[in-house]
Amino acid sequence: MDHIEHLEHTESPANMKKQIWNTFYVLLVLTVVDIALYFALLSSHSIYKNILFVFLGLVKAFYIVSVFMHMKFERKFLASIIILPMLFICFLIWLALTEAGYTFDSRLF
Amino acid sequence: MSNTATLSTDNKQTWGGGKSPLSISYGKLMMWVFLLSDAFTFSSLLVAYGFVRFTFTTSLPNEIVKPFSHLSHTFTEEMQKAGMFVTERWPSPELVFNHFPFLHGIHLPLMFVSLMTFILIFSSVTMVLAVEAGHRMAKKEVEKYMLWTIIGGAAFLGCQAWEWTNLITEGASLQNNPFGPTAFAALFFIVTGFHGTHVLSGVILNIIIYINVVNDTYEKRGHYEMVEKVGLYWHFVDLVWVFVFTFFYLI
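Taken in order, these protein sequences are the chains called E and Z.
Residue numbering for the first sequence follows the numbering used here, starting at 1 and increasing by one per position.
Residue numbering for the second sequence follows the numbering used here, starting at 1001 and increasing by one per position.
The hints are simulated quantities; they were obtained by calculation from the structure and are not laboratory data.
A hint or two may mislead.
[Claimed, not checked] In the DSS-like style, the derived pairs of lysine-lysine whose C-alpha atoms are separated by at most 25 Å in a straight line are: (1) E:K18 x E:K72; (2) E:K72 x Z:K1019; (3) Z:K1019 x Z:K1220; (4) E:K17 x Z:K1139; (5) Z:K1140 x E:K17; (6) Z:K1229 x Z:K1139; (7) Z:K1066 x Z:K1229; (8) Z:K1229 x Z:K1144; (9) E:K17 x E:K72; (10) E:K17 x Z:K1144; (11) Z:K1144 x Z:K1081; (12) Z:K1229 x E:K72; (13) E:K18 x Z:K1220; (14) Z:K1139 x Z:K1220; (15) E:K17 x Z:K1229; (16) E:K18 x E:K76; (17) Z:K1229 x E:K76; (18) Z:K1140 x E:K18; (19) E:K18 x Z:K1081; (20) Z:K1220 x Z:K1140; (21) E:K17 x E:K76; (22) E:K18 x Z:K1139; (23) E:K49 x Z:K1139; (24) Z:K1081 x Z:K1066; (25) E:K76 x Z:K1019; (26) Z:K1066 x Z:K1140.
Take these sequences, add in the hints, and give me the full structure.
If you want it as structure tokens, here you go:
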């Protein structure tokens, strides 16, 4: 069973190692920024603060998926197959938070 | 294999058969589809958390305890008396996750979870470096980076075990929570537990792959694609942690 398989795959760029380390530094800096912002905005309960943290999380997710998971170099069609269904999650979030607002109003402490 | 080389690689022939239209192997495509379904599972858990979180009043600003200050043995009781840990109010994460191993009695808010995050990000980097070495068929490098990834994953699990033990000792469980609403502790254990189970299975998969690398399995096969597939799973676990960290510790 000593046969050699030939796989179809998309090639990585020549500077892949450099891209990996750059992504690592981006993730490192964003995590430090996250914690710094948490303490800077500790007394704020603005909804924009939550949006800011979620946005920073999405930026980190973008870097992990595109470079670490190689999605940047794959076919666009594959990326759409995997990423577009995630839009349903946005609908679920909107649905749950609207409903949670009503539950909050009707809660008796 | 010679017949595949004669097939047209023209773009018009993408769906013409004889080659993968997405330039991806079956196994890797299925790993992506699995990760999509797993992303839905984690989203439903995190959305459930968001729902419950939204139905409670937000925490009071903490003006009692400053970072690096002394933590008394009755810290939880003091916080309960001060109205920071009450059942009708969501607790502030910096007051709950403020312990660090070997630095007992010092208020170090979110420092331990930051360390855990760094460990997981770093193990993700060593994993992708193993994948990159696999493309070059550099067996020794794949071995080295796989080993570092396994160590990183195990270290993360150890940290989580320590954090759980700490919270359980203080009386947190699925039915009880000294820090405020019961749902807070229940959701914390369910979601971080589900993520921890993913890390554990990731470490086991990494160990299996490492043994195969050492035994020349992929060298004989002619490619290191199994490292890539497990790598995808490992990065996904890191990706989920980004959101668990954001929702449980920052918001």
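Against the earlier hints, flag every one the structure doesn't satisfy and list their numbers going up. 7, 11, 13, 19, 23, 26
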